[in-house]
Amino acid sequence: MTGQLWAVIIASFLASTVEFVEAFTIVLVIGVTINWRSSLAGMGLAVVALAVIVGIFGTALVKFVPIETLRLVVGILLVLFGLKWLKKAILRYAGLKALHDEEAIYEEQVAELKARGEHHQARIDPFGVATSFKSVLLEGLEVAFIVITFGAQANVAGSTSASGRGILLATVGAAAALLLVVGAGALVRAPLQRVPENMLKFVVGIMLTSFGTFWGAEGIAGEDFWWHGDLALPLLVVFYLVVAGLLILWLRPYAPKKAASTAGQMTAQPHGEVAR
Amino acid sequence: MNRITRAVKATYNFFAGDMILLVAVALAFGLGGLLAGALHAPALLVGVVLIGLIVGGLVTTLAREVRGRPRN
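Residue numbers (my numbering), protein chains in the order written: chain A, 2 to 277; chain B, 2 to 73.
Derived by calculation from the structure, the hints in this document are not laboratory data. Where hints are given, some of them may not hold.
As the list claims (entries may be wrong) - Calculated cross-link-like contacts (lysine-lysine; reagent style DSS-like; alpha-carbon spacing at most 25 Å):
#1 A:Lys258 - A:Lys64
#2 A:Lys89 - A:Lys258
#3 B:Lys10 - A:Lys98
#4 B:Lys10 - A:Lys89
All values derive from a computational prediction rather than experimental measurement.
Okay, chain A solo, but in the shape it has when bound:
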């Protein structure tokens, strides 16, 4: 295989990895904090929607789908969802709201169902489905754009070796990226289940707000808005973490004394798959 063919595969692989990591992060955290059923349902719906969109538009997709408008809408919704979760998690850590023992409620529900001879099935949560759906749809479309752009460019470049096969090669790169990200996700899933529930919700709040700010800003000001592109995302995460940490410190003195003592027990219960 020539250097140009490898270049198409590697470029598509690297760019798609970034997009898949972004989408998979949200699928993973929704799966761990809400339940896998909702997370995978959202992901499945997004995959079907993507297949329909790509099936209808084919390579003309880049002309018809307003990706910046989509980024803006998804960004605004993620910021709203993220802030809602972050507010609750901050109030819990500050001791102003009781730590929610959903694990105990879940165990109780399962025991009750078992006692009645019924099988437990995690309830589909609209919030989880919607969040997972939006992220996978947006990132999936971005991957489709990457594959079409890189593939078409290789075709236009006119190399006899790449000619006509550009999109196929770019698809191979993107598929390899998907396998890598899903494999890595499967490895981190089990350790994530043991993280305390409020800490996970806190992290989800930070992630959704960061992703939302990142995509929303690209939606209003274009793809080259952020300094060093995707590298701005971890900086946003760190920024929101620092802000949230400072807010917890600010709020702690207002907590009732009893609640304040329980707020410090961040390592309380390990978290399992719970119905919200």
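Based on the hints, put chain B in the right spot on chain A.
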């Protein structure tokens, strides 16, 4: 009418559930869009306004939660 009101309320609760956060996010993206699109402001200014309003909304809604509570 009652059904419509309930649907609007359910939609609001699903997407926001907090008027301060909703207004702050709407302001952040509205003003950010205006600065970037109509006024062609530098990216740094747009970023500061956007993130500043998002953080401002969070601080305001948390401040409302502790209003009237004594400090320990």
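Each hint tested on the structure:
1. A:Lys258 - A:Lys64: 59 Å, violated
2. A:Lys89 - A:Lys258: 19 Å, holds
3. B:Lys10 - A:Lys98: 24 Å, holds
4. B:Lys10 - A:Lys89: 20 Å, holds
In terms of the numbered hints stated before, the structure departs from hint 1 and from no other.
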